[in-house]
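The residues making up each chain are set out below.
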Amino acid sequence: MDQQRETSTFGMWLFLVTEIMFFGGLFCAYLIYRATYYEAFVAGSQTMNIWLGATNTAVLICSSLTMALGVRCAQIDRKKMMIILLLITMLFGLAFLGIKAIEYHEHWTNHQFPGPNFQFEGAEAAGINPQNIQIYFSLYWAMTGLHALHMVIGVGLVLWIVIAGARGRYSPDYYAPVENVGLYWHFVDLVWIYLFPLLYLISKKHGG
Amino acid sequence: MWKNLPLFPEQASSIAGQVDGLYFFLVAVSAFFTLLIFGLVFVFAVKYRHAVHLRAEQIEGSLPLELTWTLIPLGISMIFFAWGALIYFQQARPPRGAMEVYAVGKQWMWKFEHETGQREIDTLHVPVNRDVKMIMSSQDTIHSFYVPAFRIKADVLPGRFTSTWFHATKTGTYHLFCAEYCGTQHSGMIGEVIVMEPAAYQAWLANGGATGTMAANGQQLFTQLGCATCHRFDTQGRGPNLVGVFGKPVQLDDGRTVMADENYIRESILSPQAKIVAGFKPIMPTFQGQLTEESLGALVSYVKSLSQPQQKAAGGAPEPAATNQSN
Amino acid sequence: MALEEHRQHVIPVGIYVGIWAILMFLTGLTVFVSFIELHDWNIVLALVIATIKATLVVLFFMHLYYSTKLTKVTVIAALFFLFLLLALSMTDYLTRGWMTSPGH
Amino acid sequence: MATAVQTVERENYLNAGYGLKSWLLTVDHKRIAILYLISITAMFFVGGFFAMLIRLELLTPAGDLVSSDTYNKLFTMHGITMVFFFLIPSVPAVLGNFVIPLMVGAKDLAFPRLNLLSWYLYMIGATFALVSMISGGIDTGWTFYTPFSTTYSHTNVVGTALGIFIVGFSSIFTGLNFIVTIHRMRAPGLTWTRLPLFCWSNYAASLIMVLGTPVIAITLLLVALERLFHIGVFNPALGGDPLLFQHLFWFYSHPAVYIMILPGMGVISEIVTCFSRKRVFGYEFVALASIAIAVLGFLVWAHHMFVAGISVYAALVFSLLSYLVAIPSAVKVFNWTATLYKGSIRYNTPMLYAFGFIGLFTVGGLTGVFLASLAIDVHVTDTYFVVAHFHYVMVGGMVMAYMAGLHFWWPKITGRMYPEGWAKLSALLVFVGFNLTFFPQFVLGYMGMPRRYHAYPPEFQVLNVLSTAGASVLAVGYVLPMIYFVWSLRYGKLAGPNPWNAVGLEWMTPSPPPTHNFDETPVVTWEAYDYEHQPEEEVAVGH
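Residue numbers (this note's numbering), protein chains in the order written: chain A, 1 to 208; chain B, 1 to 327; chain C, 1 to 104; chain D, 1 to 543.
Think of the hints as simulated: they come from the structure by calculation, not from any bench.
Please read these numbers as outputs of a predicted model, since none were measured by experiment.
Careful, some of the hints might be misleading.
Restricting the straight-line Cα-Cα distance to at most 27 Å, the calculated cross-link-like pairs of lysine-lysine (DSS-like) are [to be verified]:
{"#": "1", "chain 1": "D", "residue 1": "424", "chain 2": "B", "residue 2": "47"}
{"#": "2", "chain 1": "C", "residue 1": "69", "chain 2": "D", "residue 2": "107"}
{"#": "3", "chain 1": "D", "residue 1": "342", "chain 2": "B", "residue 2": "47"}
{"#": "4", "chain 1": "D", "residue 1": "493", "chain 2": "D", "residue 2": "424"}
{"#": "5", "chain 1": "B", "residue 1": "170", "chain 2": "B", "residue 2": "133"}
Chain A stretches covered by chain C per the calculated footprint, using a threshold of three residues with CB under 8 Å from any CB of chain C [stated by the list, open to error]:
{"#": "6", "stretch": "27-36"}
{"#": "7", "stretch": "58-70"}
Ideal placement from N, C-alpha and C gives every residue a C-beta, glycine not left out.
Bound-form chain A, shown alone (with noise of 0.2 Å):
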């Protein structure tokens, strides 16, 4: 059984390692324009609210924190606890969620989502070229965009573990699957550490 759990939790990671891979394309991306149009990025990152972000990232440390307890909790076979953990896991998920639909409806709603309808205002004033900018948005809409996705996943695996736990499908002999999901879940949250500072705090300089 340990061999077992050791051997999907080893897939597990080697998943990961693909997922790293799979932001790091826009990590670089990221990393080329930004020294690229460094103005642009400013003046991008300048529209983000810091505070729902700084909110976003607390949340997701605090879902992080339920995980890991309920996987814990799944080790020294506390079913129950585990279930409660997981589900506000699930809360703080959702919350999260929640809380990056309020921006991505605000961005929209100011047309910052690339495409044909894209505007910037002030941009030319400034001399930016607002395509520049455009980039900064259309990264900051595939990263985040993708994280999110992430998430939504997360929820619905977060979900399945709940539901097979509630039929009492894990034991401290058998608990593979909600420490896969766990990991699967901190690798979502590791992500959004890193995107936080890298499109909300970009500098501050021009702005306030």
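With chain A's structure known, arrange chains B, C and D on it following the hints.
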């Protein structure tokens, strides 16, 4: 027979002989190793065939042998690297004083403009024994400027200048190919490079129907677009004085230094905020979407003309290209 | 309980909560310092803090600290190849402007 | 035949169930390998059909057989089908899937259900690609270069990109499964230094699948987003950099060449040892060379971009690194050659293919060195020289190895021998046809004929005619095995568990193997390729 089956492209540039020299060396070394492997496989396969060599003799391996066939190929490949890199370095650096031709690639044709203003499509006339630098950009997708007889190739990109150069050594007509796949008529995006004696080239230029030099056209644009209101030829302008800027390092307000080359001029026109010259304010509007590739080429040519030595000698006169304004 | 510890290290709740507290503190810190103008150091500091946070998550929440050598190597390999992707791409972007002097 | 059938009627993975459901819902790695075999063979013939049309068009300099748009679609669809739907899954997903669990003495891969999911992802991806091809096709070249693919092409780019995105995950899961299996499922006593080289090379290829494939997935996703929403990341008209696409694309697609060739190298190591009855020369070096190729393969991608407008200094770095990856490949070739020395060599079909592989891969590898050389690359990149080079590696190397492996393990897979005479004939046809097709293309390339040309100047015609002639021979060489393999399913001689008298765990179980592979977990007490202690028996088929 050989007219229909040539096995080797003509050598018509100063670099072609060098590239071929390296190529022959590579072919020789490759042929040696290929024959070595083929030979050994053949000899072993025959000599040790089951019919005559019933039992195999077990051999574990040999460290000296492994080292030999690791280190010798490594050494040889370092020769390849150094040799190839030396030639590449020459290819990558256009020589000083080269004559310049601007090229614009578009689906599916080549547009050329000589500094003196002559324009041509799919045919490029150049003088023999003269350095020619191509300054190229694309107005749609990626193309590639390829002249096999010169052994040069360079991709032509949208949104940026790339350059290559050659020194034709033989008069004649040579293939010009687009080597980067660019859509329906990719294989039709071909043309000719006609290398002429200098006198014939001059005669051709005279009949070229030019309407003012590129720099003159650039100067006209410079005035029309209102660039001249800020980029004045004194120190009072809100933008930097452009006389003598080209080809020199420029100090930026964030402390960096960049070289004022063609792409710097291009970027300063299209994304003015990207690099702000030290001591100036980021107030210049972008001209993205307002200029064709040809106009950009003309503006660059004009800014360059402001750095020609003879103009500086004239005391920073702001009208260096005026003499050619015939219309 | 002895049996469980044999299977996998069960980390005390206190460590989890402690890590959580550090993570929350670092989140506050990174927001705070982003309002101070430190020029190029802003991004450096932000990334250093993010990396500390990420390391804590990986080591403790994801149990890497208690995992097999194989898992550790896997994670390091992933970071190495990510580094290759970023660093070798940058060899192009960072040196594009260098070649400006003409030949001969 | 009746008696023969009776002797086969032992319980094995093939007769364990007969319904369609027993195949489509199977989690048996051997059955999944068969599913892959059928699907990739179909894709191979689709890709081959496109190739024949390309060669026919190029018989004459004028573009007279098909329109230029059709021609552009043909070479694009040929490339996409062959690279993503045939070459990458060929040896790993068919032979690796079948043989690796047997080789390591396991009863299946580590994640059997994930394995089945891989096949379904492959089928879904292939369906997307095929539907895109049938409903109008795609004309971007298999390289999807931006901004052509994002802005100027009017074909089914998004559908095809999605197909490749999906099949990418099939590849990722296969690689993940192999890595975990080789790490954790080895039989007792089967240490890393006793592991067959086929496992080593598939392990190395799996590393690339896991590390590289996600990057192409995100890149193609961005291409699709660029087309749909004009996000500007790769579009210079919107401020993007088309070279970024090329960097990301080649970060995967250069190592992907090693996904294709490494498992093939593993096949050759198995066959060369078996048919010369010898332990492989320099086991550790061959094994480590696989890993070295996988790692170094990630450091060289920009040699596809020497004329693309990258910085001169980056070009120098990538040129230097490109030479390094050539070294472990050379080490392998030398070690295989040395393995033949003082062997006892039989000329069975797998060995003939292996000889072909060593020769053609040598040519392919050495011409790769030409392309790593900066000055030569400037002249020959994007010409037929490159086309010839990668066909020498992928067809001369990988497809030869795949055919070698298929013949080698065919008796294990089906329990029956293929007809040796016909097989030798087809091996010969493939070798001759291949060289006739692709060698002239090296000359064409140095002459300056650009690739992806629908029409070409008349002086290139003679060499193109030769190439087309070779392609027809090659086609016969590929259709023949298709026929005799099917024939052998019914009429082939019974193989017995070990027709080649080979060593290795896969030969210690009946052919075809039972569903659970081994009746009891084997314990390994011998080194890899221990032919010294293998009792000499007459090999089932003539030599």
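Hint check results:
1. D:424 - B:47: holds (20 Å)
2. C:69 - D:107: Status holds; Cα separation ~26 Å.
3. D:342 - B:47: Given that 27 Å is the threshold and the Cα spacing comes to 8 Å, the pair holds.
4. D:493 - D:424: Holds - the C-alpha atoms of residue 424 of chain D and residue 493 of chain D are around 17 Å apart, at most 27 Å.
5. B:170 - B:133: holds (17 Å)
6. 27-36: holds (count 6)
7. 58-70: holds (count 8)
In summary, this structure violates none of the numbered hints.
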